[in-house]
Amino acid sequence: MRVFLQLMWFFKQEKWRYLGGIVMLAFVSLGLLVPPKVVGLIVDHIEEGTITEEILWRYAAVLIGIAIGIYVLRYIWRILIFGSAVKLAMLLRNRLYEHFTKKSQEFYHKRRVGDLMAHSTNDLQAIQQTAGDGVLTLVDSLMMGGFTLIAMATTISWKLTLVSLLPLPVMAWATNKYGTMLHKRFHSAQEAFSTLNDKVQESISGTRVIKAFGQERDDIDNFSDLSRDAVKKNMAVARIDSLFDPTISLIIGFSFFLAVSYGSILVTRNELTIGELVSFTSYLGLLIWPMLAFGWLFNIVERGRASYDRVETLLAVKEEIKDDGSIDTSPMGDISFQLEQFSYILNAPVLSDIHFTLKRGQTLGVVGKTGSGKTTLCKLLLREFQLKSKDIIIDDHDICDYKLHALRKAIGYVPQDHFLFSATIAENIAFSKVESPFSEIKEAAELASIHKDITQFKYGYETVVGERGVTLSGGQKQRISIARALIKNPEILILDDSLSAVDAKTEESILQQLKTKRQNQTTIITAHRLSSIAHCDLIIVLENGTIVQRGTHFSLLNEDGWYKETYEKQALETLISEGGVIK
Amino acid sequence: MSEEQEPTLDELQQMKQWSVFKRLMSYTKPHKKRLAFAFILLLVATAAELTGPILVKTFIDDFVTPRNFEQRALVILASGYIALIVISAVVNYFQFVLFQSVALDIIQTLRIQVFTKVHSLGLKFFDRTPVGSLVSRITNDTEAVKDLYVSVLSTFVQNIVFLFGIFGFMFYLNVKLALFCIGILPFIVLIMWLYRKYSSRSFYDMREKLSQLNAKLNESLQGMSIVQVFNQQKRLRKEFAKINQEHTDAQIRNIKYNGLLLRPAVDLVYMLALLMILSFFGIKSFNSPVEIGVIYAFINYLDRFFEPVNMMMMRLSIFQQAIVSAGRVFTVVDEEEFAPINKGNKNPVISSGKIEFKAVSFSYDGEQEVLRDISFTAEPGQTVALVGHTGSGKSSIINLLMRFYEVNKGEILIDDVPLSNFENKELRNKMGLVLQDPFLFVGDIMQNVRLYNQTITDEDVKNATSFVQASPFIERLPEGYQTELGERGATFSSGQRQLISFARTMAFSPTILILDEATANIDTETEEEIQEALRKMRSGRTTIAIAHRLSTIQDAELILVLHKGEIVERGTHQELLRQRGLYHKMFLLQHGKDSMNDVG
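As they're listed, the protein sequences go chains A and B.
Each step along the first sequence adds one to the number in the numbering used here, with nothing skipped, and position 403 is 403.
Plus 1000 on top of the position in the second sequence (first one is 1) and you've got the numbering used here.
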């Protein structure tokens, strides 16, 4: 029940809705007590022969009034209580989302997207259920159960009440017991299903191997076995699950039996009228739901608490990147790296001894093997990780002195994994400048040499891309993400291995255009293909996180080392990919 | 989409839904007997359950009202009542279980059917179907269909029978009042109709908004670094809040419809029916005496009448979900992109292993040719190596030879018999394929070598592993051949995984060997062993090998150099080097200039 305390802030915030809802529930519970009573009274009138048309009309009016009243109240409390629960989920979802937008890459490195999704869907659903069904079952089991018991004991007969309730604890005990058994079996059924899922996943991924070895038949047999096992486990669930209804009706049946037998004795002793006995049996029927609700309540609350704790923990994760700089203006592009060492938390150093200076308008090329630290270098400039002071100086100020948004405003970044959003191409390009006129979008696309490709799509710039849109080639995605960075006309442009999937001719035309367009702006390019960085003012070669060679294309070609070797290798590769004919 | 279009779309949808439903029903046929038995149990249980109130009625009218307590009759009545509730509980239990077991068996049938179907499909199908969605068809969607059988259909059958039973007993008690009670039915049907019309749409709307919400969230999480780098957190928060609000609105709308049309509405009808019954007896009592027991029984039946109605209403939305899922499952069952199978019924046998490609051309999509006019012959025992740049068509040649795809033009012959004449079994037994990525299955090493082929003994497995020189490292493992391979064999080095997959191929002792050499860097420890194993495997077998490292195929009888789907150079290693063409360049690339001095 602790979760209700944890959620108290919300209940307080929505106190009128919750109070209103609870009061209405109370009225509904009271209202539900009326029809059985009316039935009893009419039965007594009929038995005594005292019924008149007027009495009938009066009761009819009462019943209709109660019926409509209950209908209206039920409609309203649902909106009040369930509506509030929905609102709570919405509130928490927005809060989580805001939290996510503030978290640095460090946070995302440690967690899987799938887990974060699970928090935002399953956990929030459980919390919503707690604030809705949880409140309902609590109120209903206490109020409706209580009211009905009081009505039975006070208005009819406390003796009869006691006797007929005798079997009910057995019901509570049995359903509880079934619940535990069901939980276990359900768990193993779920496991069987997930085994089945893994099996299918494996078979489909390994379909070539299975076909090559002609093992289809056997694989099907294996699947059948697993599937049969899943059926068996599900049957085990069904065997317990099917116990619920019969047990409940059996025990209610006994309860009725006791009520009717003992009730008749009381009737013959004139301690009870026959109408009251009829009312009593109806009340007995009304008790079923509160009892079941009580069992259900524990279930909901347990789940809700676990979920709420998880969400709280997630929301409590502190910010790793300190955004406490004071400079609110975006920097220009004088960059100086004075980095002694950088490592991800608790890991071996990723970068060490990186020193270089870049004047505004210059272009830096960074090359080296996969894993040599190229991407980390770019990400430091974006301050995706926390730096020590004076590691990087931009425009004579420590990079940490800039406000994050001011720093990032100056940077156009094209990541290695060209991620596009599920939106139109135009929206993707204008990602950072939503209100851009079409001319600007087109200009950026032309700069990135993607305009022609786009016009060839059926819907042109309105083509929807991303996960749920059309599939683009790697090169097309890269160029759209280049356009997305270029539309900002950034002081600092970072191309992180983002020309790898475009062909040599396109690459050349993009580089050429960047050169003329960005004469007074700083550009950083990392690449595998040396042709991407040959024109740079400064080239550094990274190996194991440190600079092993530096210079210009020509100076590097004149010294033995990684650069020269790679250059020759790549020249040969190009030749081969073109068919190897030198004519 | 215009407003007028919607109804027609809905109607189409409904027609499709109806045919999917009919098709699902056809799966019950093999279980007719069990279903009939379950149905009889259901009738018995329902009858027992509904006879109870009649006994109470008799008790009230014949004993309580006249204050006449004849002990023997009362004992009979009481034990009769208890017997009835016990019988109905027990029979109901078996009836529930029986219905569920039929439902689960049907799902089993459906699952095996779709899985078998998938295995009969060609690689063309797998090329265009993402693994994830296919897996979800076979598991999640069939699971949703399971819910349809287990919690919807069985509930509907049970509750409808129950409703009929109630009416039957009502007619037995009082025909006139029972006729009045039938008057409730149109109201119920009206509510159901309204619910289906409005609430199911708002439910659908809510689901739709939820999936949008989740898609947005998922995408944001994946692209968060972009969002942050481009300073778009605020805008995305706003966008997310908007979808979140829309989802909330849809949920509230759904709550409202449910509040108007579900339980509260059904209960309203209940109250009106109650009023009707009371007035009926009240008015009747003006003229003639009324049996109190009958009133009791009628009210009792009325109470029981509405529980099934509520239950069915609540399950309606599951129904819709399940039908959509079933529709998806059936699209796979109806798929017609079959894997190539043998033509004719001569069942030829591969004995010597001669392979011949005669002017073969091939295209995956029917537009772009990936192989053009490929001709070559591999004599029995020879090795033919395929080299070329990525996308030059090497893998396509192997795909055709394995008969994963059908040749468009030209012909492939094995032992001078067209490839298409061989039975699948013969091809798979005689041709051993070693894939670039050594795909390992969950299970131990023994199982991974033998796969499901029980004719391969433990001894055979050990022979195969020692042949490829994998036994030293396997035997060093604490559990030896029983070592479980973790997820895709992640616990082993790539070289060790290769060796295991070699052993798998050798355990089947193929006549023809098809090798797709690994491109991934294999650890230097095992590199030597792998080369040695490959040499041993090739000796005495016709081998078609894709080589990425030219050093491994220098002794091949024939090397084919492919470029853009055509053979541009052919010959032995020495001949090709002398030509100073593409092969020469590739060799240079891999070995550097220095090594060229040796070969001249």
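Treat the hints as calculated values from the structure; they're not laboratory data.
Note that the structure is a prediction, hence the values are computed from the model and not measured.
For every residue, glycine included, the Cβ atom is placed at its ideal position computed from N, Cα and C.
One should not assume that every hint holds.
As the list claims (entries may be wrong) - Okay, derived cross-link-like pairs now, BS3-like style, lysine-lysine, Cα gap no bigger than 27 Å in a straight line:
{"no.": "1", "chain 1": "B", "residue 1": "Lys1033", "chain 2": "A", "residue 2": "Lys37"}
{"no.": "2", "chain 1": "B", "residue 1": "Lys1176", "chain 2": "A", "residue 2": "Lys322"}
{"no.": "3", "chain 1": "A", "residue 1": "Lys359", "chain 2": "A", "residue 2": "Lys403"}
{"no.": "4", "chain 1": "B", "residue 1": "Lys1033", "chain 2": "A", "residue 2": "Lys409"}
{"no.": "5", "chain 1": "B", "residue 1": "Lys1242", "chain 2": "B", "residue 2": "Lys1256"}
{"no.": "6", "chain 1": "A", "residue 1": "Lys102", "chain 2": "B", "residue 2": "Lys1564"}
{"no.": "7", "chain 1": "B", "residue 1": "Lys1209", "chain 2": "A", "residue 2": "Lys37"}
{"no.": "8", "chain 1": "A", "residue 1": "Lys403", "chain 2": "B", "residue 2": "Lys1176"}
{"no.": "9", "chain 1": "A", "residue 1": "Lys110", "chain 2": "B", "residue 2": "Lys1234"}
{"no.": "10", "chain 1": "B", "residue 1": "Lys1564", "chain 2": "A", "residue 2": "Lys15"}
{"no.": "11", "chain 1": "B", "residue 1": "Lys1238", "chain 2": "A", "residue 2": "Lys409"}
{"no.": "12", "chain 1": "B", "residue 1": "Lys1256", "chain 2": "A", "residue 2": "Lys87"}
{"no.": "13", "chain 1": "B", "residue 1": "Lys1564", "chain 2": "A", "residue 2": "Lys322"}
{"no.": "14", "chain 1": "B", "residue 1": "Lys1256", "chain 2": "A", "residue 2": "Lys15"}
{"no.": "15", "chain 1": "A", "residue 1": "Lys505", "chain 2": "B", "residue 2": "Lys1564"}
{"no.": "16", "chain 1": "A", "residue 1": "Lys87", "chain 2": "B", "residue 2": "Lys1216"}
{"no.": "17", "chain 1": "B", "residue 1": "Lys1564", "chain 2": "A", "residue 2": "Lys12"}
{"no.": "18", "chain 1": "B", "residue 1": "Lys1216", "chain 2": "A", "residue 2": "Lys433"}
{"no.": "19", "chain 1": "B", "residue 1": "Lys1234", "chain 2": "A", "residue 2": "Lys409"}
{"no.": "20", "chain 1": "B", "residue 1": "Lys1256", "chain 2": "A", "residue 2": "Lys379"}
{"no.": "21", "chain 1": "B", "residue 1": "Lys1216", "chain 2": "A", "residue 2": "Lys102"}
{"no.": "22", "chain 1": "A", "residue 1": "Lys452", "chain 2": "B", "residue 2": "Lys1242"}
{"no.": "23", "chain 1": "A", "residue 1": "Lys433", "chain 2": "B", "residue 2": "Lys1032"}
{"no.": "24", "chain 1": "B", "residue 1": "Lys1238", "chain 2": "A", "residue 2": "Lys102"}
{"no.": "25", "chain 1": "A", "residue 1": "Lys232", "chain 2": "B", "residue 2": "Lys1234"}
{"no.": "26", "chain 1": "A", "residue 1": "Lys87", "chain 2": "B", "residue 2": "Lys1238"}
{"no.": "27", "chain 1": "A", "residue 1": "Lys369", "chain 2": "B", "residue 2": "Lys1256"}
{"no.": "28", "chain 1": "B", "residue 1": "Lys1234", "chain 2": "A", "residue 2": "Lys318"}
{"no.": "29", "chain 1": "B", "residue 1": "Lys1209", "chain 2": "A", "residue 2": "Lys87"}
{"no.": "30", "chain 1": "A", "residue 1": "Lys87", "chain 2": "B", "residue 2": "Lys1242"}
{"no.": "31", "chain 1": "A", "residue 1": "Lys318", "chain 2": "B", "residue 2": "Lys1256"}
{"no.": "32", "chain 1": "A", "residue 1": "Lys232", "chain 2": "B", "residue 2": "Lys1124"}
{"no.": "33", "chain 1": "A", "residue 1": "Lys433", "chain 2": "B", "residue 2": "Lys1238"}
{"no.": "34", "chain 1": "A", "residue 1": "Lys12", "chain 2": "B", "residue 2": "Lys1256"}
{"no.": "35", "chain 1": "A", "residue 1": "Lys318", "chain 2": "B", "residue 2": "Lys1238"}
Claimed, not checked - The following residues of chain B were derived to be distant from chain A, with all beta-carbon distances above 10 Å:
{"no.": "36", "residue": "Tyr1027"}
{"no.": "37", "residue": "Lys1032"}
{"no.": "38", "residue": "Arg1034"}
{"no.": "39", "residue": "Tyr1198"}
{"no.": "40", "residue": "Ile1226"}
Structure-based check of each hint:
no.: 1; hint: Lys1033(B) / Lys37(A); verdict: 48 Å, violated
no.: 2; hint: Lys1176(B) / Lys322(A); verdict: 81 Å, violated
no.: 3; hint: Lys359(A) / Lys403(A); verdict: 22 Å, holds
no.: 4; hint: Lys1033(B) / Lys409(A); verdict: 73 Å, violated
no.: 5; hint: Lys1242(B) / Lys1256(B); verdict: 21 Å, holds
no.: 6; hint: Lys102(A) / Lys1564(B); verdict: 49 Å, violated
no.: 7; hint: Lys1209(B) / Lys37(A); verdict: 45 Å, violated
no.: 8; hint: Lys403(A) / Lys1176(B); verdict: 83 Å, violated
no.: 9; hint: Lys110(A) / Lys1234(B); verdict: 24 Å, holds
no.: 10; hint: Lys1564(B) / Lys15(A); verdict: 73 Å, violated
no.: 11; hint: Lys1238(B) / Lys409(A); verdict: 19 Å, holds
no.: 12; hint: Lys1256(B) / Lys87(A); verdict: 15 Å, holds
no.: 13; hint: Lys1564(B) / Lys322(A); verdict: 54 Å, violated
no.: 14; hint: Lys1256(B) / Lys15(A); verdict: 21 Å, holds
no.: 15; hint: Lys505(A) / Lys1564(B); verdict: 19 Å, holds
no.: 16; hint: Lys87(A) / Lys1216(B); verdict: 19 Å, holds
no.: 17; hint: Lys1564(B) / Lys12(A); verdict: 71 Å, violated
no.: 18; hint: Lys1216(B) / Lys433(A); verdict: 20 Å, holds
no.: 19; hint: Lys1234(B) / Lys409(A); verdict: 14 Å, holds
no.: 20; hint: Lys1256(B) / Lys379(A); verdict: 49 Å, violated
no.: 21; hint: Lys1216(B) / Lys102(A); verdict: 17 Å, holds
no.: 22; hint: Lys452(A) / Lys1242(B); verdict: 34 Å, violated
no.: 23; hint: Lys433(A) / Lys1032(B); verdict: 65 Å, violated
no.: 24; hint: Lys1238(B) / Lys102(A); verdict: 14 Å, holds
no.: 25; hint: Lys232(A) / Lys1234(B); verdict: 51 Å, violated
no.: 26; hint: Lys87(A) / Lys1238(B); verdict: 17 Å, holds
no.: 27; hint: Lys369(A) / Lys1256(B); verdict: 61 Å, violated
no.: 28; hint: Lys1234(B) / Lys318(A); verdict: 19 Å, holds
no.: 29; hint: Lys1209(B) / Lys87(A); verdict: 15 Å, holds
no.: 30; hint: Lys87(A) / Lys1242(B); verdict: 13 Å, holds
no.: 31; hint: Lys318(A) / Lys1256(B); verdict: 40 Å, violated
no.: 32; hint: Lys232(A) / Lys1124(B); verdict: 35 Å, violated
no.: 33; hint: Lys433(A) / Lys1238(B); verdict: 15 Å, holds
no.: 34; hint: Lys12(A) / Lys1256(B); verdict: 24 Å, holds
no.: 35; hint: Lys318(A) / Lys1238(B); verdict: 23 Å, holds
no.: 36; hint: Tyr1027; verdict: 14 Å, holds
no.: 37; hint: Lys1032; verdict: 19 Å, holds
no.: 38; hint: Arg1034; verdict: 13 Å, holds
no.: 39; hint: Tyr1198; verdict: 14 Å, holds
no.: 40; hint: Ile1226; verdict: 6 Å, violated
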